[in-house]
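**Student:** Sequence:
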Amino acid sequence: MAIVKENKPLPNQFKQRIGAESQRWLDDGIINQQQAEAICQRYGRHVGQVDTRFSLRVLEALALLFVGLGLITLIGANWQELPRLGRMLGLITLTATVQGLAWWQLHQGKQQQGVGLLFLGNICFGAGLILTAQIYHLGEHMPDGIFWWALGCLPVALLVPSRLLMLQTLLLALLWFGVEADLHIMPSLMWLFLLAAAWQLRRGDSSHSLLLLTVVATGLWLLFGFGYLLLDDYSGRWQSEQSLLAVMLLPLALALSQYWQQQPWARGHQYGPLLGNWTIRVTVLLGLIFTFDEIWRELLRLPWRHLPQLLLATAAIAITTLLLQRQQWPRWLLLWFCLTALGWLLFTSPAWLTADQLQIASNLLLVGYSCWLVHLGIQTGYAHHFYLGLCTLLLVALLRYTDLIGDYVSAALLFLLFALLLFAAARFWHKRHGHPAATEPSHDET
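Sequential numbering of the sequence shown, starting at 4, is according to this note's numbering.
Just so you know, the hints here were simulated from the structure itself, not pulled from any lab data. Note that beta-carbon positions come from the ideal geometry of N, C-alpha and C, so glycine has one too. Each hint should be verified, as a subset may be incorrect.
Said to hold, decoys possible - Simulated restraints, written as ranges between beta carbons of each label pair:
(1) 341 with 162: 45 to 51 Å
(2) 383 with 104: 20 to 26 Å
(3) 113 with 191: 55 to 61 Å
(4) 314 with 241: 15 to 21 Å
(5) 318 with 205: 16 to 22 Å
(6) 241 with 356: 21 to 27 Å
(7) 41 with 241: 23 to 29 Å
(8) 241 with 318: 18 to 24 Å
(9) 92 with 191: 16 to 22 Å
(10) 297 with 332: 21 to 27 Å
(11) 423 with 162: 41 to 47 Å
(12) 110 with 371: 22 to 28 Å
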């Protein structure tokens, strides 16, 4: 029988732990010293090495951030005493010096130091923009300064394949997006930053934090774009239709995560489970929110005026979801039928429909969803789904208990029962699968 070799890259979490694990194998007599050194050398590690690069990067980024803030504060304290020409020359000199040192470090092959200086240089660049606008009184539209700051950081983030620089750029773009939206203006050029982040995710080092931030930013941009493009009386404020549309984006994210896992693209096998896990977590969180009757009473009272526009947007999302999951289209079609029926009920608000009925239905649906997660976790051996479903069941029971009973003695007994159930679940999982499955991304990939 021929053995098929898969050339999938090993996760960075394995590479981080191989040094410490090889030391344990050596101490237990499983391998000898030469074998331990050979294993670690294969993955660029040393025997007994504990990888702390992520913690060091975080501390260095924070240190550079505080250095930038200190320089801005120092310049701002003496700003009025400097002549106008001196201010401009000082800002240009500071930014050029930091950026020049960064590119020199990169030319010398010192990637980490160069990226850190570019991060600091981007902060100096933004401070220079703000202070220059103050000199020449260019503050007619304040978000423009943030936009040009983010746009100036974008080429640097694209030229240097760094997760830190792209995260900095996308955070600035999100800040500009939020300020523009607060002023009731559609940030139409947000797609430029989202496209750059997607390109970085595709060709650069894997980054879980950049992926999640890009997904969130894309969702917000789509929701506000829906308001500006399809709602004729949209004023920039959050509308009830956008809340319902935000819920409908969750199945699309889940379908996208499964689509990535089905592709031969190696990065998809890293990003797919991450996006799927976070989509499930957000779904559970929203499900817990909808188990209260107050939220349903508020939804029934809201004005729903844009049914055709919402149906158009729902159809576009549903068609995209079905295209991503063509092999399982009946299941997804049933899901979209249920969501459309819910939207129709909220729009029509029939006299027989009450908030209590919707609350009972949402509690039953969340309990069923949690049981499905527990079942899926047992079937696949994935601890994330198992424990998330179990904890959601316990949390629903606790929330409904506080609504119905709520005395201290029974609460203590309930907590004791929950503890016993969790201990039993942990023993069951250990007995069935032997060890807990990995549920979180490694720090090196964030």
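**Student:** Give a verdict on every hint.
**Tutor:** To see whether the hints hold, each was checked on the structure:
| no. | hint | in the structure |
| --- | --- | --- |
| 1 | 341 with 162: 45 to 51 Å | holds (47 Å) |
| 2 | 383 with 104: 20 to 26 Å | violated (50 Å) |
| 3 | 113 with 191: 55 to 61 Å | violated (39 Å) |
| 4 | 314 with 241: 15 to 21 Å | holds (20 Å) |
| 5 | 318 with 205: 16 to 22 Å | violated (29 Å) |
| 6 | 241 with 356: 21 to 27 Å | holds (24 Å) |
| 7 | 41 with 241: 23 to 29 Å | violated (59 Å) |
| 8 | 241 with 318: 18 to 24 Å | holds (22 Å) |
| 9 | 92 with 191: 16 to 22 Å | violated (35 Å) |
| 10 | 297 with 332: 21 to 27 Å | violated (36 Å) |
| 11 | 423 with 162: 41 to 47 Å | violated (57 Å) |
| 12 | 110 with 371: 22 to 28 Å | violated (59 Å) |
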